[in-house]
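Engineer: The lines below spell out each chain.
There are 2 protein chains.
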Amino acid sequence: MVSNQDKKYIERCFKLALKGRGKVSPNPLVGAVIVKNDHVISEGWHAEFGKDHAEAMAIKKAKVDLSGATLYCNLEPCIHTNKKTPPCYPLVVQAGIKRVVISNLDPNPAVAGNSVEQMQQQGIDVVSGILQEKGWELNRFFFKHIKEKKPWVAVKIAQSIDGKISKSSHEQTWLTGEESRKYVHTLRAEYDAVLAGSNTIRIDDPQLNVRAVLGRSPFKIIIAGKQKLEAQAKVFQNAANETVWVLCDEKTVQRAGNNYDKNIRFIPCPLNHKGHIDIVYILDLLYKENIGSLLVEGGHKVFSSFLQSGYCDELIILQAPIVLGQGLSSVHLQSKIEFKLNFIKKFGNDICFNLRKKQAN
Amino acid sequence: MVSNQDKKYIERCFKLALKGRGKVSPNPLVGAVIVKNDHVISEGWHAEFGKDHAEAMAIKKAKVDLSGATLYCNLEPCIHTNKKTPPCYPLVVQAGIKRVVISNLDPNPAVAGNSVEQMQQQGIDVVSGILQEKGWELNRFFFKHIKEKKPWVAVKIAQSIDGKISKSSHEQTWLTGEESRKYVHTLRAEYDAVLAGSNTIRIDDPQLNVRAVLGRSPFKIIIAGKQKLEAQAKVFQNAANETVWVLCDEKTVQRAGNNYDKNIRFIPCPLNHKGHIDIVYILDLLYKENIGSLLVEGGHKVFSSFLQSGYCDELIILQAPIVLGQGLSSVHLQSKIEFKLNFIKKFGNDICFNLRKKQAN
Numbered sequence: 010m011v012s013n014q015d016k017k018y019i020e021r022c023f024k025l026a027l028k029g030r031g032k033v034s035p036n037p038l039v040g041a042v043i044v045k046n047d048h049v050i051s052e053g054w055h056a057e058f059g060k061d062h063a064e065a066m067a068i069k070k071a072k073v074d075l076s077g078a079t080l081y082c083n084l085e086p087c088i089h090t091n092k093k094t095p096p097c098y099p100l101v102v103q104a105g106i107k108r109v110v111i112s113n114l115d116p117n118p119a120v121a122g123n124s125v126e127q128m129q130q131q132g133i134d135v136v137s138g139i140l141q142e143k144g145w146e147l148n149r150f151f152f153k154h155i156k157e158k159k160p161w162v163a164v165k166i167a168q169s170i171d172g173k174i175s176k177s178s179h180e181q182t183w184l185t186g187e188e189s190r191k192y193v194h195t196l197r198a199e200y201d202a203v204l205a206g207s208n209t210i211r212i213d214d215p216q217l218n219v220r221a222v223l224g225r226s227p228f229k230i231i232i233a234g235k236q237k238l239e240a241q242a243k244v245f246q247n248a249a250n251e252t253v254w255v256l257c258d259e260k261t262v263q264r265a266g267n268n269y270d271k272n273i274r275f276i277p278c279p280l281n282h283k284g285h286i287d288i289v290y291i292l293d294l295l296y297k298e299n300i301g302s303l304l305v306e307g308g309h310k311v312f313s314s315f316l317q318s319g320y321c322d323e324l325i326i327l328q329a330p331i332v333l334g335q336g337l338s339s340v341h342l343q344s345k346i347e348f349k350l351n352f353i354k355k356f357g358n359d360i361c362f363n364l365r366k367k368q369a370n
Numbered sequence: 010m011v012s013n014q015d016k017k018y019i020e021r022c023f024k025l026a027l028k029g030r031g032k033v034s035p036n037p038l039v040g041a042v043i044v045k046n047d048h049v050i051s052e053g054w055h056a057e058f059g060k061d062h063a064e065a066m067a068i069k070k071a072k073v074d075l076s077g078a079t080l081y082c083n084l085e086p087c088i089h090t091n092k093k094t095p096p097c098y099p100l101v102v103q104a105g106i107k108r109v110v111i112s113n114l115d116p117n118p119a120v121a122g123n124s125v126e127q128m129q130q131q132g133i134d135v136v137s138g139i140l141q142e143k144g145w146e147l148n149r150f151f152f153k154h155i156k157e158k159k160p161w162v163a164v165k166i167a168q169s170i171d172g173k174i175s176k177s178s179h180e181q182t183w184l185t186g187e188e189s190r191k192y193v194h195t196l197r198a199e200y201d202a203v204l205a206g207s208n209t210i211r212i213d214d215p216q217l218n219v220r221a222v223l224g225r226s227p228f229k230i231i232i233a234g235k236q237k238l239e240a241q242a243k244v245f246q247n248a249a250n251e252t253v254w255v256l257c258d259e260k261t262v263q264r265a266g267n268n269y270d271k272n273i274r275f276i277p278c279p280l281n282h283k284g285h286i287d288i289v290y291i292l293d294l295l296y297k298e299n300i301g302s303l304l305v306e307g308g309h310k311v312f313s314s315f316l317q318s319g320y321c322d323e324l325i326i327l328q329a330p331i332v333l334g335q336g337l338s339s340v341h342l343q344s345k346i347e348f349k350l351n352f353i354k355k356f357g358n359d360i361c362f363n364l365r366k367k368q369a370n
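Residue numbers (this note's numbering), protein chains in the order written: chain A, 10 to 370; chain B, 10 to 370.
These are calculated hints, taken from the structure and not from any lab test.
Since the structure is predicted, the reported quantities are computational estimates derived from the model, not experimental observations.
It is possible that some hints are incorrect.
The list makes no distinction among identical chains, and a pair is therefore deemed to hold if it is satisfied within one copy or across any two copies.
[To be verified] Derived lysine-lysine pairs resembling DSSO-like cross-links, with alpha carbons at most 30 Å apart:
#1 Lys355 <-> Lys191
#2 Lys45 <-> Lys16
#3 Lys70 <-> Lys60
Start from the sequences, fold in the hints, and give me the full structure.
Structural biologist: The structure is reproduced here in structure tokens:
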């Protein structure tokens, strides 16, 4: 039986899990709470990739005997061994925990309910599925990574009320305000990587890192194809600790030679008949590099390619209260795409709305 | 001194005032509350154009002696006599009311603080300016009408995320959902008149009346200019009790002759050098006809003209969670226009945002 208490502690797990945001990828965000006689005995979270899992941290931190206690965690405890840390399932059993309450089962085929089954066989009362939609939302990057072997893709567009991103294709038009800018930096700190096209690098000259908020900067990915990039571009400066990948043709790789810092990688990619790099190729490449989430930042052509490819899981629109009346449209598509409205927020004078890919019926 | 009690009763006035919505124009929406010894003695509102004002209704309805009572009303009581009903100011004095609490002063030059002054000279304690911004919002149609001798103009655009209103200029594309449609009907019931261009009439064939909610239908105004309209258009049907004005050239008036119901008026208007009717001409015409508020419903050319004219007081965007990717943009302007975000609402899967004209600094 599920009680409001159970929900309360699962909510607490979600909150603890967020402590790992931006640091655990491609692992999931997990929090754990151990409760005995209605008292919280210990809490844990997965703080960083390669470090203790949430359950392990909570069990290790506990200073009292855990026999008969309840373990809450938002993801099924792991049972597989081909990874950096030992599995959590034996720890749970050894600690004498009598009840385990879970939000989501781990879709990883090496876990996928096996852990629940094993714990039940050991006489532990296991409940799963508590607030599972919220749990899914929290770990959407992870679920996408495991199930579809692709990073979660969010396309973020800052535009005018009439859907223009700039006055023309060869000039930058700053539309949104300070609060929106902060939000974008918050997103960058959450996503493993951000991506922009070579036009955006040339015209907007963005740094693509995190400055307006606390947090680590993401990997910066530039789709260059055959286009030349200026070595003076800001994205290449400040780059001492920031990884930059330039996806380009073989010629550009050779031209780059050894002229760049070692954290700037020129990665040769095949070009399709239009002279572009296929979106699927890019996503497969990122998956192999353990990039679990990608924030697409611009511009018009890149937005259009990602949307048309069908690989846009999340669309984030930041709309400034300005009607440009003419200029460059945010996207150009061959056919319309429907989304599902997820939430609306106000950032100063701007409107932010978050949409999700509409699942095929 | 202003107390929270005062604010509470002024809020009640706002609520009562709304009972007249859609029925009092070009008069203001006014509610009145009479309080004695902390008890509400009577309430009134301006229910319909030509009927009792709120203060008069409240005073007449009261069944006890009002001497020493406080009158709350969201607008300064009237004092002028060149109108349908007798002035309220003498009624207030005669009733023995000792305190009057007002939200907004009446900007009508025939009132404009005179009434407050007269009441004060009679020994009444008068306070004004309580929640005056909220009062201004409630009566923005009225204030615009009185101060600028133009109707309040709201432009309502239903569009895709990327700012398109249809797939192309010659086909209707239904974008928004049922809840947005209901909201548009709610707006129609509030505004004195709705306006559409001849292209919209031809392609979308709207009825422009109120069906999805309770309320009276607005005047329907069609900008036809030199364009021919089909007599079969839906806007001309169902028209038994609905007034339609066709703004057109002299030739179209003659062509229409006596072929239409008498509630359908063809009004000859001068065309400018582009062959269009000037927006200012239209607004002056509507002002003279006592139209206090206008909802502009389409399409692309009409939206563009109203926005570019500078006579758009309010912009209402209904955005469907669809990226069309190509098609007809909502507007085309020579120069950008900045707005101020007023509020955001969610209608089902659609986003509504309400913007206001940015006042020149």
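Engineer: Each of the hints needs a verdict: does it hold here or not?
Structural biologist: Okay, the hints, checked on the actual structure:
Proximity of Lys355 and Lys191 under a CA criterion of 30 Å is satisfied in both settings, with 13 Å inside one chain copy and 24 Å between copies. In this homomeric assembly, Lys45 and Lys16 come within 30 Å of each other (Cα to Cα) only inside a single copy, at 16 Å, whereas the closest approach across copies is 51 Å. Taking the shortest alpha-carbon separations for Lys70 and Lys60, only the intra-copy value of 14 Å comes in at or below 30 Å, while the best inter-copy value is 76 Å.
When held up to the earlier numbered hints, the structure conflicts with none and fits them all.
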